[in-house]
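Engineer: If you want the building blocks of each chain, they are given just below.
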Amino acid sequence: MTSLPQPAPGATKLGLVIDLDTCVGCHACAVSCKEWNHGGASGPLPDYDSRGANPDGLWFNRIHSYETEGGACGSRTVNFPRSCLHCEEPQCVTVCPTGASYKRAEDGIVLVNPDICIGCKLCSWACPYGAREFDEDESIMKKCTLCVDRIYNETLPEAEREPACVASCPSRARHFGDLGDPNSAVSLLVLARGGVELMPELGYKPTNRYLPPRKAVVPTGPVEKPLRAGTGFSASLLSLVDRVLSR
Amino acid sequence: MTPSASVLLLTTLTGFGYGLLAWLGVFGAARGLPQQPWFGPLAIGFALAFASAGLLASTLHLGRPERAWRAFSQWRSSWLSREGVAAVLTYLPALAFAAFWWFDGPGAGTTLVAGLAAGAMGMITVACTAMIYASLKPVRHWNNAHTLPDYLLFALYSGALLLMLALALGGGDLKGAALLAAVLGLLGLVAKLAYWRHVDHAAPLATLGSAIGIRGATARPLDKPHFTQNYILREMGFQVARKHATRLRKIVIVCAFLAPTLLALAAAFGLWPAAMAFVAVILAACGLLAERWLFFAQAVHVAALYYGHEV
Ligand code: SF4
Ligand code: SF4
Chain Z
194 MTSLPQPAPG
204 ATKLGLVIDL
214 DTCVGCHACA
224 VSCKEWNHGG
234 ASGPLPDYDS
244 RGANPDGLWF
254 NRIHSYETEG
264 GACGSRTVNF
274 PRSCLHCEEP
284 QCVTVCPTGA
294 SYKRAEDGIV
304 LVNPDICIGC
314 KLCSWACPYG
324 AREFDEDESI
334 MKKCTLCVDR
344 IYNETLPEAE
354 REPACVASCP
364 SRARHFGDLG
374 DPNSAVSLLV
384 LARGGVELMP
394 ELGYKPTNRY
404 LPPRKAVVPT
414 GPVEKPLRAG
424 TGFSASLLSL
434 VDRVLSR
Chain L
540 MTPSASVLLL
550 TTLTGFGYGL
560 LAWLGVFGAA
570 RGLPQQPWFG
580 PLAIGFALAF
590 ASAGLLASTL
600 HLGRPERAWR
610 AFSQWRSSWL
620 SREGVAAVLT
630 YLPALAFAAF
640 WWFDGPGAGT
650 TLVAGLAAGA
660 MGMITVACTA
670 MIYASLKPVR
680 HWNNAHTLPD
690 YLLFALYSGA
700 LLLMLALALG
710 GGDLKGAALL
720 AAVLGLLGLV
730 AKLAYWRHVD
740 HAAPLATLGS
750 AIGIRGATAR
760 PLDKPHFTQN
770 YILREMGFQV
780 ARKHATRLRK
790 IVIVCAFLAP
800 TLLALAAAFG
810 LWPAAMAFVA
820 VILAACGLLA
830 ERWLFFAQAV
840 HVAALYYGHE
850 V
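Chains Z and L, in that order, give the protein sequences.
So for the first sequence, the working numbering puts the first residue at 194; every next one is plus one.
So for the second sequence, the working numbering puts the first residue at 540; every next one is plus one.
In isolation and in its complexed conformation, chain Z is listed as follows (with noise of 0.2 Å):
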């Protein structure tokens, strides 16, 4: 059904926070991510001429980094992974014309079944984020699936019931929680650090959070005062020497 759930106040609201200020751009969440689901049950990802000149694939998180300048955060690089952030208004799901795409109401979770999915592409062009991508083997949709598949498995260690993404972030930069209830870790943590939707002019209210970049304390001045040695000749060349290197 591609008409979306009754949103109910209190529901649950699976989502990710992502903390823009550690990220230190490592592509491992990307990478641990095409490797669980490769083998999951949105498997395989496929790619294509992966060792040719050419190489492509389908990745269900990107990693892309950015130069910001202005705003609180001030000049900096920004890493930035970006996936689907199973949005509560999501126009991906309501699109579709088979009922293949759907949002679950239960966890919020946006789905695709692909037992049914005709490949007509819609949903890609109606999500702003980028987040969907084509199976061009199958020929069907495929997306972040929120690890639906490890957060339930019940013959998966309970630490190990997480996002894919979120154990194998090395910085500690991805956290995996219940957005729909304002005391749990993620929701008090968006609180703590003031974080934002994505683009929410488009309306599409989405679930997953991203804590702005704190802006750095570069150390001003010169770290090392120049030498002087002694007086004399020698001492006022290596003076001079060294003013000038230090320039």
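Treat the hints loosely; a few may be bogus.
To be verified - Residues on chain L that point at chain Z, a partial pick, calculated with CB under 7 Å:
no., residue
1, Ser545
2, Gly602
3, Arg603
4, Ala610
5, Ser616
6, Leu619
7, Pro677
8, Ser749
9, Gly752
10, Ala758
11, Tyr770
Source of the hints: derived by calculation from the structure; they are not laboratory data.
Heads up, the beta-carbon is just placed ideally off N, CA and C, and yes, glycines get one too.
With chain Z fixed as given, assemble chain L with the ligands onto it according to the hints.
Structural biologist: Frame of chain Z, contents of chain L with the ligands only:
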């Protein structure tokens, strides 16, 4: 957005087919068509052939055409599903129109009602097609007040040209249809110019700062996630050089609208009507395909922001 042959064919051919069906309904009701028993079914078949060719082209472009029947299920939320349902439903009154024309006669009440119903259903199908694009929020070139009226207008215009040709071939009086086509051609031109004016001046949907959650900052791409293509860039990152676009717009103005309008006027005043109508239809088909190509190629998807494109 990448213009694919299937959607170009779908939107133009169904425009011609359903446009003709609409005018057959109206002219039939007004007794403006040749009254021979063969004319109605033949002309209706002609219209359905155009529409069916377009629908077939769009079905073949699906990743899984064998599952296409599933697309009829989500008409409550999806314009694509509604388009499919409306397209199939249109065959019922259209075939009834042909049958009543043959059995009850062109002037019968049943023929008149079936003709108007078929025309209305055809235009509803065109409207659903238009709404697929008009409702997509991430593409500002489509998600605006021009898309729906433009699709309807272009369908009525191309349908009037086809009717003119059908009348020329069927030995009917084509003056009314030709004048109608000329008026619609001029209206179409004005609408297209207004659309271009709108999309060239409207504000972008979002900024890269907002797309990455850093308000008030300017951002520029430093490193891409990948050095070569991916699905998003192939499908949504299509860019057309301004030079080519400007030239194509001129071709559209002349080929899709001005030249067919002049030819229709010539036909209306009795100057080799059949030849004029034929050339007008061919020119308009090429021009409208170019128009549709630009409608896709110049549409920018907001997700292209992430790759540093201007939206
Ligand atoms: S991010 Fe895109 S694919 Fe994911 S729910 Fe939102 S609109 Fe749909
Ligand atoms: S590609 Fe599949 S999931 Fe997407 S809109 Fe079409 S049928 Fe639905």
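Engineer: Each hint needs a verdict: does it hold in this structure or not?
Structural biologist: Results for each hint:
1. Ser545: Interface hint status for Ser545 (chain L): violated (10 Å vs cutoff 7 Å).
2. Gly602: The hint holds - Gly602 (chain L) has a Cβ within 7 Å of chain Z, the shortest such distance being about 2 Å.
3. Arg603: OK, holds: Arg603 (chain L) within 7 Å of chain Z, min 5 Å.
4. Ala610: With a closest approach of 4 Å, the Ala610 (chain L) hint holds.
5. Ser616: Holds, about 4 Å.
6. Leu619: holds, 4 Å
7. Pro677: Check passed: Cβ of Pro677 (chain L) comes within 4 Å of chain Z, closer than 7 Å.
8. Ser749: holds, 5 Å
9. Gly752: Since chain Z brings a Cβ to about 4 Å from Gly752 (chain L), closer than 7 Å, the hint holds.
10. Ala758: At 4 Å from the nearest chain Z Cβ, Ala758 (chain L) passes the 7 Å test, so the hint holds.
11. Tyr770: Interface hint status for Tyr770 (chain L): holds (4 Å vs cutoff 7 Å).
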